[in-house]
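Chemist: Sequence:
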Amino acid sequence: MLHSNLLRLMARGAPSRLMSTATKLTTVEVNDKTGIATLTMNRPPVNSQNVQLLLDLQTSISEIENNKSRGLILTSANSNVFSAGLDIFEMYNTDVERLRTVWTELQNVWIALYGTTLPTAAAINGHAPAGGCLLATACEYRVMRPNFLIGLNEAQLGIIAPKWLVSGFASILPKRVAERALTQGRMFTTQEAFEAGLVDEIVSTKEEALEKCAAFIGTFAKVNPLARGLTKLQFRADNIKEFEKIREKDVADFAALASSPGVQKVMGIYLENLKNKGKK
Numbered sequence: 001m002l003h004s005n006l007l008r009l010m011a012r013g014a015p016s017r018l019m020s021t022a023t024k025l026t027t028v029e030v031n032d033k034t035g036i037a038t039l040t041m042n043r044p045p046v047n048s049q050n051v052q053l054l055l056d057l058q059t060s061i062s063e064i065e066n067n068k069s070r071g072l073i074l075t076s077a078n079s080n081v082f083s084a085g086l087d088i089f090e091m092y093n094t095d096v097e098r099l100r101t102v103w104t105e106l107q108n109v110w111i112a113l114y115g116t117t118l119p120t121a122a123a124i125n126g127h128a129p130a131g132g133c134l135l136a137t138a139c140e141y142r143v144m145r146p147n148f149l150i151g152l153n154e155a156q157l158g159i160i161a162p163k164w165l166v167s168g169f170a171s172i173l174p175k176r177v178a179e180r181a182l183t184q185g186r187m188f189t190t191q192e193a194f195e196a197g198l199v200d201e202i203v204s205t206k207e208e209a210l211e212k213c214a215a216f217i218g219t220f221a222k223v224n225p226l227a228r229g230l231t232k233l234q235f236r237a238d239n240i241k242e243f244e245k246i247r248e249k250d251v252a253d254f255a256a257l258a259s260s261p262g263v264q265k266v267m268g269i270y271l272e273n274l275k276n277k278g279k280k
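In case it helps, my numbering puts the sequence shown at residues 1 to 280.
Take these hints with a grain of salt, some might be off.
Unchecked claim - Derived pair list, reagent style DSSO-like, types lysine-lysine, alpha-carbon separation capped at 30 Å:
#1 K206 x K33
#2 K222 x K206
#3 K232 x K68
#4 K68 x K241
#5 K163 x K241
#6 K68 x K24
#7 K275 x K265
#8 K245 x K175
#9 K232 x K249
What the hints assert, rightly or not - Per label pair, the in silico range of CB-to-CB distance:
#10 L226 x Q264: 41 to 49 Å
#11 A237 x R98: 28 to 36 Å
#12 K222 x R98: 44 to 52 Å
#13 A237 x I269: 35 to 43 Å
#14 E195 x F235: 17 to 25 Å
#15 E65 x I269: 37 to 45 Å
#16 Q191 x E244: 31 to 39 Å
#17 K163 x K222: 33 to 41 Å
#18 N273 x E179: 26 to 34 Å
#19 R98 x Q191: 34 to 42 Å
#20 K241 x I160: 17 to 25 Å
#21 E195 x N273: 23 to 31 Å
In short, the hints are calculated from the structure, not lab data.
Note that the Cβ used here is the ideal one computed from N, Cα and C, for glycine as well.
Sequences and hints are given; from them, build the entire structure.
Modeler: Pasting the structure below:
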């Protein structure tokens, strides 16, 4: 289902200032010269998205917007994983209300990142399956290190990618490619993702990725920020409006599907595979 190295992991610029933050699983660092904020996920071992990480991401995005940073770069403190997606441990053998909470907070992170007027870029320094791909594709620009995997593989777990995520995915990839990838639960290698247009650049190191992301944000230096942000939202407005209409139903549908015996069984098998990989 996922690259074996990722399964094993899951089983186990210029001077800048580190901003004070109450969150524990994310850090925000603003470059004094460029005014660009770097938001780093730091939930070992693979940045699995539990409720706390999702809440911390929301807090950090809001913080960056409020401090009037010129742009946002999203990355990971892990050298091999950007984010492994939703924490399956938090969704397995739990109650419906917890599933509703998990999905609601995932929605909230997506709309915060997808709907911000700030220029956004993802420095993808490792694997980015499922929710990791969701975060990356919510950004405007993606730079990725080689020999990693990215994609929406929800179908392999018996989960359906929501319409709002599908729409965002299909706005990046050709519709036919997006449809096939989603129905197959396909994971793209870095090179395949670049050739398909899922990522914009390939770089050798995280440092290069951060530099490329900063350079992208720098292209807007002479553009009026208000005009730029409103223009961005014009392109994303239809998907955002549709999302708001179906938000509650989307939560209910996910909770019903994720709590079903069939999906719970698949999750159990997946977690058993993680355990077995961890023993090797």
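Chemist: Each hint: holds or not?
Modeler: Tested hints:
1. K206 x K33: holds (20 Å)
2. K222 x K206: holds (27 Å)
3. K232 x K68: Given pair K232, K68 holds - Cα atoms ~17 Å apart, limit 30 Å.
4. K68 x K241: Status holds; Cα separation ~25 Å.
5. K163 x K241: Holds: K163 and K241 sit about 12 Å apart, inside 30 Å.
6. K68 x K24: It holds: about 22 Å lies between the C-alpha atoms, which stays within 30 Å.
7. K275 x K265: Holds: K275 and K265 sit about 15 Å apart, inside 30 Å.
8. K245 x K175: Measuring from Cα to Cα gives roughly 23 Å; hence the hint holds.
9. K232 x K249: holds (27 Å)
10. L226 x Q264: 41 to 49 Å: holds (47 Å)
11. A237 x R98: 28 to 36 Å: holds (32 Å)
12. K222 x R98: 44 to 52 Å: At 48 Å between Cβs, range holds.
13. A237 x I269: 35 to 43 Å: holds (40 Å)
14. E195 x F235: 17 to 25 Å: With a Cβ separation near 24 Å, E195 and F235 satisfy 17 to 25 Å, so the hint holds.
15. E65 x I269: 37 to 45 Å: Given about 41 Å between the Cβ atoms, the range holds.
16. Q191 x E244: 31 to 39 Å: holds (37 Å)
17. K163 x K222: 33 to 41 Å: 37 Å Cβ-Cβ, so the 33 to 41 Å window holds.
18. N273 x E179: 26 to 34 Å: holds (28 Å)
19. R98 x Q191: 34 to 42 Å: Check passed, 38 Å falls within 34 to 42 Å.
20. K241 x I160: 17 to 25 Å: 21 Å Cβ-Cβ, so the 17 to 25 Å window holds.
21. E195 x N273: 23 to 31 Å: holds (30 Å)
Hint compliance for this structure: no hint is broken.
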